[in-house]
Amino acid sequence: MDNIAGQNQGGRVAVNITVLILVLLWLLPTIGLFVSSFRDRDQISNSGWWQAPFAVDLNFRTRIASDGMREEAGRFILEGNVFDDPSLASDFPDGGVVSAFGTRAVEPGEFPPGETVELRTGGTLVVNADGSYLIEANEELTRGPTLYFEARTPPKFTLANYRTVMFADGMDRAFINTLTVAIPATIIPILIAAFAAYALAWMDFPGRGLLIAAVVGLLVVPLQLALVPLLSLHTSIGIGQSFLGIWLAHTGFGLPLAVYLLRNYMVGLPRDIIEGAKVDGATDFQIFVRIILPLSFPALASFAIFQFLWTWNDLLVAKVFLPSGADSQVMTVKIADDLLGSRGGDWGILATAAFVSIAVPLLVFFTMQRYLVRGLLAGSVK
Amino acid sequence: MPPVLQGILTIVIGVGGCIGYFYASNLILDKVIFPAKGPKAGRNINRANQVRPWLFLFPAMFALGLYLAYPVVGSFYRSLFDRSGANFIGLGNYADLFSEAGFRTAVFNNLLWVLFVPAAATFFGLLIAQLTDRLSWGNIAKSLIFMPMAISFVGASLIWRFVYSANPDIGIINAIRDSMGLVALDPLQVRFWNNFFLMFILIWIQTGFAMVILSAALRGIPEETIEAAIIDGANPFQVFFKIKVPQIMGTILVVWTTITILVLKVFDIVYTMTGGNFGTHILPSYMMTYMFRDDGRATAVAFVIMILVLPVMIWNIRQARQEMR
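Quick note, the sequences are listed as chains U and L, same order.
Using my numbering, you'd call the opening residue of the first sequence number 36 and step up by one each time.
Using my numbering, you'd call the opening residue of the second sequence number 2 and step up by one each time.
No wet-lab data here; the hints were simulated from the structure.
Backbone N, C-alpha and C define an ideal beta-carbon position, used for all residues, glycine too.
One or more of the hints may lead you astray.
[What the hints assert, rightly or not] Straight line, CA to CA, 25 Å or less: simulated BS3-like cross-link-like pairs of lysine-lysine:
1. U:Lys313 to L:Lys243
2. U:Lys313 to L:Lys266
3. U:Lys313 to L:Lys38
[Said to hold, decoys possible] Restraint ranges, calculated between C-beta atoms of paired labels, are given here:
4. U:Arg76 to L:Leu112: 51 to 61 Å
5. U:Met201 to L:Phe279: 53 to 63 Å
6. L:Arg294 to U:Leu328: 38 to 48 Å
7. U:Arg198 to L:Gly91: 56 to 66 Å
8. U:Pro333 to L:Ser85: 42 to 52 Å
9. U:Gly303 to L:Ala42: 30 to 40 Å
10. L:Asp83 to U:Pro333: 48 to 58 Å
11. L:Ile315 to U:Leu59: 37 to 47 Å
12. U:Pro305 to L:Lys38: 27 to 37 Å
All chains should be modelled from the sequences, with the hints used to inform the complete structure.
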């Protein structure tokens, strides 16, 4: 058996390396999102997230005031240092190094430091690597020129994206809305399904096999079919597009999996216990509440995880059954319809919003993976 | 009332109502309708036990019927009417759809998805399940590859934008092209192949699912069969393809069909990545372009999806019935 994975040292190493590469490939996109969500906006647009730990060349502009100009031997001279600009002080607490400079916004890094260039307003300009500049002109300049320069800035990580997303962008509201949708939509189908699953597993009645087959069939009915008829049904009975509507919809859509999964589990419970209880005079209701429910906890937990992940991550049902206004948007809708449109280029905000929306499912996933796997194994038709 | 309070109230009403319904209905059945006393006690107990399963089943059956069975019929019925819903036009919506180039593209793309995604996800799942089987850190590796299962399709799409973006400072693919001196291009605008770039996202999500189930199946293979093969001189590849794979063929099929069904439902990826532009529509996303605008067309598209799912559904039901015997 051992020689399958690696009959020799070389094989074993090859397997280890292959798996390592696969895992890295699988993780890479998520890591990119995670790193980007902590990066400064300017840094994101100037270097890839894989360069996040390194310094990056960013463009800056500074407006030079002309009032410091002095006359010297018939020429007007203006001297100073670009890093002295108070608005840039926070980026360069201990000075910086200019790697290129320019006089036009379209080409901020036109010239290498130290080169003397002509100013459009007349006169010459030179910016040195240490940031000091010298402007010489034949006549006094009324307005100081605007300088553009490129400087190496250290990597900068910030929580600003999270602050924007959580407090300024309406994402807090969307987060609460998602919770509001997901929790009732997870809890309500469990009980309904548990009773039905018990009947299908342990009670004898004509047509039982047919009903189980029907549940298996409904398991694969595409959701798309349900959208139009149910929305018009909801509208005609006065529910319309509302939270109540989406809870009912999620309950209905989650039931086949719940019934199927729980029945498969309950059938496997030991017959002796149930028959023993019956002989002792317990009613079906008592057996269900006292014996079946506690014993089925693993299956209940795994369905709850599935349904929670599904309702939390859902976009389609939320788009159709919830009103589209900002006070009932869930996070997926908010990201897909709002942020991608209005903030399409703001990668930091997008990454952060996405990370906020996947944080809870990831937490659930890593803490309760055991139940999830068990549910998957019970849920697939074997 | 704020939605949060409404939610808590719904939980209380829902759970309380459920327990109340089951308790009260059983009580009424046993004490009022068929009381287990008096001259007909024995017959009453039997009758009560005949009715009881239906009490247990009723809420679930009602919800399933209303939310899943009725829509199949309701959608088909609605698809026979025009946009306003007032005029019966027979199969007019279907005829219009099939004459539309966009619809034909969506069907073609959807077939590509159905062929490619389950195959690739099952392949990778099987590969990883086999490779990690005897690995000391196999469980960690599996858990990390399984992780995308928890991520929403919207979240996954955003994650993959950091791979596909046309900007070489954002997208990895273009960063690599850039470092090789190639011009940046938007992978999602490359006709035909962009479908596959979108499929990778779903494969990335579904491989974990395939891996978990196939890994359990591999562990369930009796050791003797493998030992016998090794003694007979089979090499690792022969053991894998001739001994292991045939024994877990049933599970492979299950994984395959489960992913196929999922593929026919997912609209989120196309919707968030391209919005169906550049020839990437699939049926579920194509349907959403009609949703809220033309219910007749929307239901017609939905019904076409249903027809595509039908063979899988029948296979599933037969499978389940065999298992019960």
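Verification of the hints:
Taking the CA atoms of Lys313 of chain U and Lys243 of chain L, the gap is about 49 Å. The hint is violated against a cut of 25 Å. For the proposed pair Lys313 of chain U and Lys266 of chain L, the alpha carbon gap of about 44 Å is over 25 Å, so the pair is violated. Distance hint between Lys313 of chain U and Lys38 of chain L is fulfilled; the C-alpha atoms sit about 18 Å from each other, no more than 25 Å. One distance hint, 51 to 61 Å for the beta-carbon pair Arg76 of chain U and Leu112 of chain L, is violated here, with the actual separation near 42 Å.
Taking 53 to 63 Å as the suggested C-beta distance range, the pair Met201 of chain U and Phe279 of chain L does not conform, at roughly 34 Å. Taking the beta carbon of each, Arg294 of chain L and Leu328 of chain U are about 46 Å apart, inside 38 to 48 Å as hinted. Checked against the hint of 56 to 66 Å, the C-beta distance between Arg198 of chain U and Gly91 of chain L comes to roughly 58 Å, which is consistent with it. Checked against the given bound of 42 to 52 Å, the beta carbons of Pro333 of chain U and Ser85 of chain L, roughly 51 Å apart, stay inside it.
Taking the beta carbon of each, Gly303 of chain U and Ala42 of chain L are about 34 Å apart, inside 30 to 40 Å as hinted. About 51 Å separates the C-beta atoms of Asp83 of chain L and Pro333 of chain U, a value consistent with the hinted range of 48 to 58 Å. A hinted range of 37 to 47 Å holds for the C-beta pair Ile315 of chain L and Leu59 of chain U, which are about 41 Å apart. Between Pro305 of chain U and Lys38 of chain L the C-beta distance comes to about 32 Å, which sits within the given range of 27 to 37 Å.
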